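These are the residues of each chain, in order.
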Amino acid sequence: MSEQNIGWSRDQMAERAAQDIPNGAYVNLGIGIPEKVVRYVPEGREVIYHTENGLLGMGDAPKEGQEDPELINAGKKLVTAVPGASYFHHADSFSMIRGNHIDICVLGAMQVAENGDLANWSTGNPDSIPAVGGAMDLVAGVKIINVISQHVTNKGYPKLVGKCTFPLTGVGVVKRIYTDLAVIDVTPLGFKIIELAPGVSFEYVQERTGCRLIAV
Amino acid sequence: MSEQNIGWSRDQMAERAAQDIPNGAYVNLGIGIPEKVVRYVPEGREVIYHTENGLLGMGDAPKEGQEDPELINAGKKLVTAVPGASYFHHADSFSMIRGNHIDICVLGAMQVAENGDLANWSTGNPDSIPAVGGAMDLVAGVKIINVISQHVTNKGYPKLVGKCTFPLTGVGVVKRIYTDLAVIDVTPLGFKIIELAPGVSFEYVQERTGCRLIAV
Amino acid sequence: MINKQVSSVEAAVSKIYDGATVMIGGFGEAGSPIELIHGLIDQGAKNLTVINNNTGSGHVGLAALIENKRVAKMICSFPKSANSLVFPNLYRKNEIELELVPQGTLAERIRAGGAGVPAFYTATSVGTPLADGKEVRNINGRDYVLEYGLTADFALIKCLKADRYGNLIYNKTARNFAPIMAMAAENTIVQTKEFVSIGDIDPEVVVTPGVFVDQVVIISNPLLESVLVSAGEVYP
Amino acid sequence: MINKQVSSVEAAVSKIYDGATVMIGGFGEAGSPIELIHGLIDQGAKNLTVINNNTGSGHVGLAALIENKRVAKMICSFPKSANSLVFPNLYRKNEIELELVPQGTLAERIRAGGAGVPAFYTATSVGTPLADGKEVRNINGRDYVLEYGLTADFALIKCLKADRYGNLIYNKTARNFAPIMAMAAENTIVQTKEFVSIGDIDPEVVVTPGVFVDQVVIISNPLLESVLVSAGEVYP
Chain A
16 MSEQNIGWSR DQMAERAAQD IPNGAYVNLG IGIPEKVVRY VPEGREVIYH
66 TENGLLGMGD APKEGQEDPE LINAGKKLVT AVPGASYFHH ADSFSMIRGN
116 HIDICVLGAM QVAENGDLAN WSTGNPDSIP AVGGAMDLVA GVKIINVISQ
166 HVTNKGYPKL VGKCTFPLTG VGVVKRIYTD LAVIDVTPLG FKIIELAPGV
216 SFEYVQERTG CRLIAV
Chain B
16 MSEQNIGWSR DQMAERAAQD IPNGAYVNLG IGIPEKVVRY VPEGREVIYH
66 TENGLLGMGD APKEGQEDPE LINAGKKLVT AVPGASYFHH ADSFSMIRGN
116 HIDICVLGAM QVAENGDLAN WSTGNPDSIP AVGGAMDLVA GVKIINVISQ
166 HVTNKGYPKL VGKCTFPLTG VGVVKRIYTD LAVIDVTPLG FKIIELAPGV
216 SFEYVQERTG CRLIAV
Chain C
2 MINKQVSSVE AAVSKIYDGA TVMIGGFGEA GSPIELIHGL IDQGAKNLTV
52 INNNTGSGHV GLAALIENKR VAKMICSFPK SANSLVFPNL YRKNEIELEL
102 VPQGTLAERI RAGGAGVPAF YTATSVGTPL ADGKEVRNIN GRDYVLEYGL
152 TADFALIKCL KADRYGNLIY NKTARNFAPI MAMAAENTIV QTKEFVSIGD
202 IDPEVVVTPG VFVDQVVIIS NPLLESVLVS AGEVYP
Chain D
2 MINKQVSSVE AAVSKIYDGA TVMIGGFGEA GSPIELIHGL IDQGAKNLTV
52 INNNTGSGHV GLAALIENKR VAKMICSFPK SANSLVFPNL YRKNEIELEL
102 VPQGTLAERI RAGGAGVPAF YTATSVGTPL ADGKEVRNIN GRDYVLEYGL
152 TADFALIKCL KADRYGNLIY NKTARNFAPI MAMAAENTIV QTKEFVSIGD
202 IDPEVVVTPG VFVDQVVIIS NPLLESVLVS AGEVYP
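Chains as they are written, first to last, in the numbering used here: chain A, 16 to 231; chain B, 16 to 231; chain C, 2 to 237; chain D, 2 to 237.
For the record, the hints were derived by calculation from the structure and aren't laboratory data.
In silico lysine-lysine, BS3-like type, Cα no more than 25 Å apart, as pairs: (1) D:Lys16 x D:Lys47; (2) C:Lys194 x B:Lys92; (3) D:Lys194 x A:Lys92; (4) D:Lys135 x A:Lys178; (5) D:Lys74 x D:Lys135; (6) B:Lys178 x C:Lys135; (7) D:Lys81 x D:Lys47; (8) B:Lys158 x D:Lys5; (9) A:Lys207 x A:Lys178; (10) B:Lys158 x D:Lys16; (11) A:Lys92 x D:Lys81; (12) D:Lys16 x D:Lys74; (13) A:Lys51 x D:Lys81; (14) C:Lys135 x D:Lys135; (15) C:Lys47 x C:Lys16; (16) A:Lys158 x C:Lys16; (17) C:Lys135 x C:Lys74; (18) A:Lys158 x A:Lys178; (19) C:Lys94 x C:Lys47; (20) D:Lys94 x D:Lys81; (21) A:Lys158 x C:Lys5; (22) C:Lys81 x B:Lys51; (23) D:Lys94 x D:Lys74; (24) B:Lys190 x B:Lys178; (25) C:Lys70 x C:Lys94; (26) C:Lys74 x C:Lys47; (27) C:Lys81 x C:Lys70; (28) C:Lys16 x C:Lys194; (29) A:Lys207 x A:Lys190; (30) C:Lys70 x C:Lys16; (31) C:Lys5 x C:Lys194; (32) A:Lys190 x A:Lys51; (33) D:Lys74 x D:Lys47; (34) C:Lys81 x B:Lys92.
The following label-pair restraints were derived from C-beta to C-beta distances: (35) B:Ile229 x C:Glu98: 44 to 50 Å; (36) A:Ile46 x C:Gly142: 41 to 47 Å; (37) D:Pro89 x A:Pro173: 28 to 34 Å; (38) A:Ala230 x D:Arg143: 28 to 34 Å; (39) D:Glu195 x A:Leu93: 21 to 27 Å; (40) B:Ser216 x C:Gly142: 39 to 45 Å.
Bear in mind that the values here come from a model prediction, so they are computed numbers and not experimental data. Think of the CB as a built atom: it goes at the ideal place given N, C-alpha and C, for glycine as much as any other residue.
So here's chain A without its partners, still in its complex pose:
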């Protein structure tokens, strides 16, 4: 199933997610597509990025020659600190998360259920090495949890499902999902399409979703 030209690209998904980040927001971005969100926040909005390993006010990657291996983000990539940044230890950093001080977290997902359950840390495969990092803390503590994800897996299986089959990261935590096909809200009645990618029909999205969708 080749769908390369249907729907939004990874950058367009990040760009769409960036539209929903207001001025003044404190934001934590997960590894992968979510990292791209920072590039697309509209002009005029000042956003402060938190990385859970102890920095508020994370900036771009360093210029060559200015790298400090002790200035990294949660994905262990080299970063910089913006003017007005602050460093703190891990317990203080997760106090910001657990204490509901971070406004928005954008994460990747393996599965999202229609009640907002998120699975993004383990396939449950007994052969794999379990690793959770800060994902469970983020989804339990950040005010708004949004997901950026391809609508289906590499093998074409739906990632938006009635009930997650993978081990959960958090229960009922996801608010909004940006996929290559649509923007979808988690509502009390289930997944609701908010916006369709250009040229994508409701039916097309429904076919690739594991449960009933509510139209715009």
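Fit chains B, C and D to the given chain A structure using the hints.
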């Protein structure tokens, strides 16, 4: 009952207590006679004083003209900070206390029971305003709790008793008591005299104590 | 652009409402945000629950807030001190409620509230009247009482330097409860002696990161509670 | 006189014993006390329980400690990463135990251990496999799991500057777990890039007060884990 000239003076009690503070100790001193301990720590011992309102490395009172009303101790007296001091917030300060990081606390007492129970915050009088401060945290968290106190109350009642009648500050917390008459350890068998003030007999102390004493 | 500075004390405290829970920084006079407290008196909110280590001195600052009958309940560790006259009088007349909390438990409850920890165990107060009615649990052979996190609708705190992001540093032992109250309050209002440019505070030495701060007002020459008390001042 | 400086890594780690619980600072390479870890490998203590966010990279530092079969159990949040080869192999062969803890819960458990809090409640992991078998309590309408404080016999951490009292400051995000591990360990061993005179660190900017530190060794030019891994180094 005039006993002005019998036993140790307040300064001598503090001096005796100071002998038991080893080099390198982290020490918290209560208000009153315990404050005097700092003057008598033997030469050659470096001791670091903690004050629970957020300073490790508390120094003497400031010289005239160098007072800062925002540099005070737990008794709200003006103090100084020694070189090598550090400031921190209240939760961090009490983490030092609760987390068993402070070595010795010397406190005043209203009553000490032979099992080490301490009462030093309230007479239980319903007309008085209850106020506890950090006393309960100190006795629950500091490694060694020593008491400096007159052996009897102003009215001549014993302060060392079989069981406290005043509301407790902590259960089984006191290790050693320095009174005007003796140095007394709390042992599994009860109060044990370690040292008598010059000219004071065991019987004299026993008469002024609310329970059986063990001789040296 | 983010700019948390507001132009006046009046604007800073304008949203505080009747019945709100208000954390007020300071240990005695050190760190007491006296201008913000006086602004709150002027503003008029009443029936407040106030969290502070003490109950103020003389007839200014927190003592004046209490004296003006704005405080229904105090949560504190040490409600009496040399110059605290107002609270004891009202307390004896049963006109103000008191929740007495050991100082370290108070600090930890505030820190827990700010850190999203709803409850924790501590050995402090076990076997004392302050543990009456509280759940006790034995963990690894020692008894501990269950204590709950404290949060607030507002915090009023004082600092030495602030920037437009709300990053704060403090002066000496005036730091005390301010950083944890800033974490625990929905709306943290700060009076600062100096307002500096972004980048002037080294990221390594920020004590309160801006995420915990909502509004900053500059008070370049703050009043000293002890001076006002000595002079017999009464607010308002 | 108080002087926590020791003359060598060998002396610093000499007291670590078989079966000890050892907290090791660092998040990936940032803050990893690689010389102390190599000293621990040389020293020979085994059957250790190690607490670190990760399991090391390549065949140096923490990965080498594991590869040399000194670690019976890892407590961590993220045991796999791009260059972590050693732990996965041993884990699949059932030769090392793993306690997987969400990163924020891990940090808070360490902080609790250091602060004398034996247990606390958190919403993190509720409804997930990591809450299996844990007590769940509903507080004000939300479910929380009970988590226990973590303490250790030793902590190995890295800092930027230290003085003879053991006051420490750190470099950027290398701070991570070090301050809370220093609090939670009975014996905190520090490698510092610079050793400065008493008074050189401003009391306002001390991150780890000396009360939490036991021994300090100067490592002026610490190895970089990423450089060693890229070069394919194997320790010892």
